[in-house]
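Chains as they are written, first to last, in this note's numbering: chain L, 1 to 652; chain A, 653 to 946; chain F, 947 to 1198.
Certain hints may be false.
To be verified - With a straight-line Cα cutoff of 30 Å, these simulated DSS-like cross-link-like pairs (lysine-lysine) come out:
1. L:412 to L:477
2. F:1112 to A:892
3. F:1112 to F:1090
4. F:1112 to F:1178
5. F:1178 to F:1137
6. A:892 to F:1108
Stated by the list, open to error - Derived DEER-like restraints, expressed as beta-carbon distance ranges:
7. F:1154 to L:484: 46 to 52 Å
8. L:138 to A:913: 35 to 41 Å
9. F:1092 to L:466: 40 to 46 Å
10. L:631 to F:1089: 43 to 49 Å
Treat the hints as calculated values from the structure; they're not laboratory data.
Ideal Cβ placement from N, Cα and C applies to all residues, glycine included.
Residues per chain are reported as follows:
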Amino acid sequence: MSLARKRSVAPTGLVLVAGVLIVLVYGEQYTGSVFVLSACYAVVTAGMAVQIGFSQQIAFSQSVFMGVGAYGVALLNTHFNMPVLVATPIMMVAAAIAALVLGSVVTRASGLALAVATLMLPLIAVGYVSNTNALGGPVGAPLTGQLWPSSSTSASLIGGGLITVAFLAIAVFVASRILTSDIGLELFVLGVDERTAAAMGVRTPRRKLELFVLGCVFAAAGGAVYAGTQQFVPETLVDPTAELALLIMLFIGGRRSVIGAVVGALVIQYLQGASNWVSVNILVVEGVLLTVVLLVDPEGLAGIVNTGIARLRSWRAGAAGAAGVSGAPGVTVATSATSATSATSATSATSATSATSAGQSGAADAVLPGAVASAAPDDSDMQPVMAPALARTSSVRERQAPSPDGSAPLLKCEGIGKEYGGLSVLDDINIALPALGLFGLCGPNGAGKTTLLNVIGGSVPPSRGQVLLDGADITRKLPHERFYLGISRTFQAVHLIKGRTVLDNVAVSCLASHQAGIVTRIARSRLDEARDKAAQTLTELGMQHMQSREVSSLTLENQRMVELARALAPRPRLLLLDEPASGLSEQQRYRLADMLRAFGEMTCVLLVEHDLDLVAQVSQRIFVLSGGRLVFDGGPTDFRASPVVNSLLVGL
Amino acid sequence: MKFGNLVIAGLVTGSIYAVFAVCVAVWYRVSNILNLAVGDFAMVGALGVDNLYRVKGLPLPVAIITTLAVVAVFAYAYDRVVLRIAQDGPRRMEGIVVTFFFTFALSFFIDGVAKMLFGTDVHAAPALWNGESLTWASLHFERAGLLVLACAIIIGGAFWVYIRYTLGGKALEACGENAVGARIAGIDTRRYRWLIFMGTAVIAAIFGIVESPITGYTYLSGATISLTGFLAAAYGGFRKPGRALVAGLFIGILEALLGGYVNAEYGDTILYALLAAAVLAWPRGLGFESAVSG
Amino acid sequence: MSPAEEGRSGAGANGAGAVRAGADGAGRTGVSGRAALNVSNLSVAYGNVVAVHDATFTVAEGDACAITGPNGNGKSSILMGVTGMVRRRGAVEIFGTPAPNGDVRWAARNGLTLVPERRQLYPELTAIDNILLGCYCWTRSIGKARKSAPFGRAIDLFPELKPHLKQLAGTLSGGQQQMVAIARGLASDPKILAVDEPCLGLAEAVARRVYDVLASIHEQGTTLIIVEEAPKRALTLCNRRVEVRNGVAGAA
């Protein structure tokens, strides 16, 4: 069984087995009913773990949709005498449709705007519900049916409990499958930075919508089983405090962990059920608990457990190595690899397995975990040996045939202009780049270099002008569409996925899942294929020995190299690099220069850099921007000699 | 004159939203945290004074001062203990988690404590200015409402003078504009952070005391006020107090008009739906930074 | 107390900056022999990247000292560590008083003011307010600040700013912003003015003007420390130089 399969089956099995046992043994007692109640909430939080925890799409929509599921089932049951078990899937479908409509509007926003817009949802919902008598108004809606209809109370209790456990197990299974699939990797990157994700081919608008709908459907399912087991829908199910309670459950348990989300729901409900004092003062308890958990570890209980396991592992793997870690802000290989954000807290990511085995065997890896953290990282890490075969390796993805050399340029910018509210940032930029070669883009701060890169990459639309790739107008194409056309880029700040290995980070750009829907990943995942392709690129770049290392344990230079590898892995036709040398020492820049020259022989590279020496050394042609205008376009010798350039930039 | 009276009522609540929105915006600029507990401090002010005065029998001025002092001390303690660890410690936390959730939790906590101390009934601080509502040109002015407006103008005016005409006020602005630049000039950004947090809490409590006679508060009232003030601040992207102020007034008036003309029961619901739609329609125009990476 | 000889060279393979105090023939002491700034064994690291390794040098009172070297080799980091913008290891003394670690406000109040890289102005405050805030470290009264000698001196030194004083700092040109930043530094009445890359992104003519101003500040008795990527320009003004290079023993 593949590792991915194991990681999704294990937690599901755990939930299923434990749940069934508890229901059978305690089903008719108070403990059992608390468990069932928390299982209802856990269905909701499992979805939240995927949506909010991993993908950072903070939307406050879950309590509302829990209400949709609950009230819907209640209405269908009391007015149409529909059995709860039939009404449930109907409501889930209804919720999906509603979420699709609402989500297509809401997910246009990102980050804080998304959060604020959806913050209104609970207010709207509670205002509507408490005033609508059809839904029982402020009193609530009762149900006549039960989740497992039976004349015997004990049978209905146990039956209802078992069905709830089944729902929970399915929820956990679906969530885990998604997270361990290749789309899961897409979601990770989406959570790190939406722009980076788009530049790596992730169809961000679609994924955001899918996540929104997913979260809402899970919530509706949770609401439905809630109604079926509690037989009553209180108005407080949809108010803001309910939403916040759900968030607290998620964060306490561990926002990035599906099992954590389940545990969080259990913890809160049991606390409420355990003592009357707690139940009455639940607000105080939740407030204190959330604050304390956030202070100790923002990843919640799952994070605490993971760190604990990792410490244990690294302690066993080599006390000497681990001891050298203490001062370092980064974490050792083993520690960070196991705290890798994985779908379960029990088992760990592939990275951990191979890393710890490397750590334990000790010998295989020339660089021991401990050495990573020392103040002066070992440069034997980095061997910039480029296999000549790199240039001619078969491409990872289909791409259009390159244009015949010489005549038609690969990239053309014609008359590009960009204004931001009256301020002109780019003015009449005309650039042509051939299919191969290394080209520099320089200029003082604020001259528009990054903006031009953004225009070419697609994250910023120009106010005027056109961008042509192989003669075709791509000006209106989105970043992920440009990625498919062969444009790949890096950003100024390092945006790697913390807690994942180098291999996974590079695999982000090798994913073949972009066109697929999120639901398909329940069945099959092609993550291993992407990983293989990433491994190939890493080998060609001489970086294979660090492929199992967790990225935050790397030096800045190596992190930059990982980003370069990620940009290079899909064999792009145009590579846009944004200040790759920033923060590097002189010696590191020499190595970078060698790398860049090799890249220039494989593809077309446009390099934005402040280090004029570096640019002059490696570029065939250099463009200089000042005040949004192109003031120089020529070779390196002319560049050094040009009076325009010298007066503009502080002397070489 | 229904319209006029509605506008006046809307101005009263709007001025509270406006003040709270300004508090949220100013503090966010300095700390990068959104204070979602603003309304809860107001609630504590109202219910605390009511409890001390009515239940414990303390003279009114003593009750007010004690409540404000407790609020101030608590706010100071919260910043020094919780926020210090979150922001100034070795593991400085960033991102939307810190921005939102710490004060979410605080809001819960305060509500829960209020429930413990004051119960679940509706209460209000005693009216500070007793009497019939005043009438002028067929417009009705509730005395408490006038008091609220007066407080808003005084406090707002004092703050404006402080910002514009004192070096301390300019230093406060500097903290919000560029924390690095502020440190270089010798400005203690952390001190301003807790000063503003304390100030926000006390100001909120004052408004709670003054406004509660109009509507009455329960221990959960704080949440809605927090949210609306927070929303008004959102309309300046959380960074522009001026816009937040205007937005607060606007929302207050809109709320009153919707309740009076459209539908008393669903008025608030429609209001929130409109506000949400506005955020979705013009996120850039309203000043939201896009994608926050957590 | 270390004399102006070679600093120990750092051998960090990760590009740690080695600091050598270059002794040029112009003589190493300034007006008086007193040490304005005394740096011993300064180390600055960002995470696991060591930027400065064991820097040791002295700047005498009245000196104008240039810290030069290629980009990314630690020049700015030395200044950040010395002024307290970032935490450091090692000892820093300002006129004999040991400076606490990582406290740039203390430095501002004790005679060492930093004019940072990229200026770090307050974009939505007016230029004059930006400069006024330089006085914050020694007074809280806006009246006193306005009438004070350091503030007046700061304003007078930049006549070309006069028509722009009420403009928002964010709308000024790069050169004007640099002047505002220096004026803000002066308003704090420093004994030592540390300037980090004053000419970043400025045109040649503007850069020359900036250096003219720095020269007059120096003539009026303020000790200067300038981090500068182009040594030629700095050496027109400076009588001392600290060369930061990655372990390479180049000529000063």
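Hints versus structure:
In summary, the hint linking residue 412 of chain L to residue 477 of chain L is supported, as the alpha carbons are separated by about 15 Å, within the 30 Å threshold. The hinted pair formed by residue 1112 of chain F and residue 892 of chain A meets the criterion: a straight-line CA distance of about 20 Å does not exceed 30 Å. For a cut-off of 30 Å, the pair hint linking residue 1112 of chain F to residue 1090 of chain F stands: about 20 Å separates their Cα positions. For a cut-off of 30 Å, the pair hint linking residue 1112 of chain F to residue 1178 of chain F is broken: about 35 Å separates their Cα positions.
Under the criterion of a C-alpha separation no larger than 30 Å, the hint pairing residue 1178 of chain F with residue 1137 of chain F is consistent with the structure, at around 25 Å. Among the hinted pairs, residue 892 of chain A with residue 1108 of chain F is consistent with the structure: their alpha-carbon atoms are about 28 Å apart, no more than 30 Å. In this structure, residue 1154 of chain F and residue 484 of chain L meet the distance hint of 46 to 52 Å, their C-beta atoms being roughly 50 Å apart. About 24 Å separates the C-beta atoms of residue 138 of chain L and residue 913 of chain A, a value inconsistent with the hinted range of 35 to 41 Å.
Checking the proposed 40 to 46 Å range against residue 1092 of chain F and residue 466 of chain L shows it is violated: the Cβ atoms sit about 54 Å from each other. Judged by the Cβ atoms, the range 43 to 49 Å given for residue 631 of chain L and residue 1089 of chain F holds: they are separated by roughly 47 Å.
Checked against the numbered hints above, the structure violates hints 4, 8 and 9; every other hint is satisfied.
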